[in-house]
Amino acid sequence: TQLLEQSPQFLSIQEGENLTVYCNSSSVFSSLQWYRQEPGEGPVLLVTVVTGGEVKKLKRLTFQFGDARKDSSLHITAAQPGDTGLYLCAGARVAGGGADGLTFGKGTHLIIQP
Amino acid sequence: GAVVSQHPSWVICKSGTSVKIECRSLDFQATTMFWYRQFPKQSLMLMATSNEGSKATYEQGVEKDKFLINHASLTLSTLTVTSAHPEDSSFYICSAREGRYNEQFFGPGTRLTVL
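Same order as they appear, the protein sequences are chains A and B. The numbering used here puts the first residue of the first sequence at 1, with every later residue one more than the last. The numbering used here puts the first residue of the second sequence at 1001, with every later residue one more than the last.
Hints may be right or wrong, so weigh each one.
Stated by the list, open to error - List time: in silico SDA-like cross-link candidates among lysine to any residue, alpha-carbon distance up to 20 Å:
hint, chain 1, residue 1, chain 2, residue 2
1, A, LYS57, A, THR77
2, A, LYS57, A, SER73
3, A, LYS57, B, TYR1101
4, B, LYS1041, A, LEU11
5, A, LYS106, B, ARG1037
6, B, LYS1041, A, ASP83
7, A, LYS106, B, GLN1060
8, A, LYS59, A, GLN80
9, B, LYS1041, A, PHE10
10, B, LYS1041, A, GLN9
11, A, LYS106, A, VAL44
12, B, LYS1066, B, THR1080
13, A, LYS59, A, ARG36
14, B, LYS1041, A, GLY40
15, B, LYS1041, A, GLY85
16, B, LYS1041, A, GLU38
17, B, LYS1041, A, VAL44
If you are wondering where the hints come from, they were derived from the structure by calculation, not from laboratory data. Values in this document were obtained by computation on a predicted structure and should not be read as measured data.
Can you make the complete structure from the sequences, with help from the hints?
The structure is reproduced here in C-alpha cells:
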C-alpha cells in the first residue's frame, strides 16, 4: 500500500506569514497533485507535478516535487485569509493508462487569520 | 479544467431506504470515474473505481452489494447506497479522470444524512 504522509495536519497563522506543507512517501509516484478543498465542496486541482525536481509556481504558491518523486512540498508566501482551506496532496499509483484512483494524504487544515 | 457535477447536493433519508447519487462529466467523456467518501475533518477515502461498460472495482473493505455502482455511459456514473443506515452518513465525492497524468477533477460532493 502506498501511503502519503502529510504535515502539518493543522496550521493556523497570521496574514502575511509564510508557510510550507509537506507530503512524504516511501513510494515513488508517477505524478503528484495538490488540491484545495473548502467546506462542503469538492477538491479543486491546483497543480500536477510529474518530473523529479520540478518546481511550479501559482501566484504566491510554489510547488516542488522531490528528485526521487517520493515527496513534495507546497510553500505559500505572504498568506492571505482567502488561502484558508484543506490542502490535499495525492499521488497517482499508475502512470498514464491505469484505472486506479489517487492515494490521498490526510490533508492540512490551514487557517489564515486576518 | 474539466467540469464534473453531482446530484443531489444533499439528501436526507430514513434508515433502510436506498439513495442514488449521480456523477456527470459535463464537457468531456470519462471512461473511468471514482467514488470517494469523506468524514468530517478527514481526507478522502477511495471507495471504488467505476469503469464504463464493465463492473466497478471496489477497494478493500467496501461492500459492493451495499454500494452499487453503475457506469452506463461515458458521462454518467451512479452510486446507490442500498439499505442505508446512520453510519453511512457521510460526504460522497466523485471524480473523473482526464489528461495524460491521471489528473482527476472532482464533483462538488453529496452530503448524505441517514436518520
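How the hints compare with the structure:
For the suggested pair A/LYS57 and A/THR77, the alpha carbons sit about 11 Å apart, so the restraint of at most 20 Å is met. The suggested pairing of A/LYS57 with A/SER73 holds, with an alpha-carbon distance near 12 Å, which does not exceed 20 Å. Proposed proximity of A/LYS57 and B/TYR1101 is supported: the alpha carbons are some 18 Å apart, at most 20 Å. Between B/LYS1041 and A/LEU11, the direct Cα distance comes to roughly 13 Å. Compliance with the 20 Å bound is thereby established for this hinted pair.
Proximity of A/LYS106 to B/ARG1037 is assessed by CA-CA distance (about 13 Å); at most 20 Å being required, the pair is judged to hold. Among the hinted pairs, B/LYS1041 with A/ASP83 is consistent with the structure: their alpha-carbon atoms are about 17 Å apart, no more than 20 Å. Distance check on the hinted pair: A/LYS106 and B/GLN1060 sit about 18 Å apart at the alpha-carbon level, within 20 Å; holds. Taken as a hint, the A/LYS59 and A/GLN80 pair is honoured in the structure, with Cα atoms around 12 Å apart against an allowance of 20 Å.
With a C-alpha separation of about 10 Å, the suggested pair B/LYS1041 and A/PHE10 falls inside the 20 Å cut-off, and the hint holds. The hinted pair formed by B/LYS1041 and A/GLN9 meets the criterion: a straight-line CA distance of about 10 Å does not exceed 20 Å. Between A/LYS106 and A/VAL44, the direct Cα distance comes to roughly 16 Å. Compliance with the 20 Å bound is thereby established for this hinted pair. Taken as a hint, the B/LYS1066 and B/THR1080 pair is honoured in the structure, with Cα atoms around 8 Å apart against an allowance of 20 Å.
Taking the CA atoms of A/LYS59 and A/ARG36, the gap is near 15 Å; set against the 20 Å cutoff, the hint holds. Our distance criterion of 20 Å between C-alpha atoms is met by B/LYS1041 and A/GLY40, whose separation comes to about 11 Å. At roughly 11 Å between alpha-carbon atoms, B/LYS1041 and A/GLY85 fall within 20 Å of each other, so this suggested pair holds. Taking the CA atoms of B/LYS1041 and A/GLU38, the gap is about 11 Å. The hint holds against a cut of 20 Å.
This hinted pair checks out: B/LYS1041 and A/VAL44 have alpha carbons roughly 17 Å apart, not beyond 20 Å.
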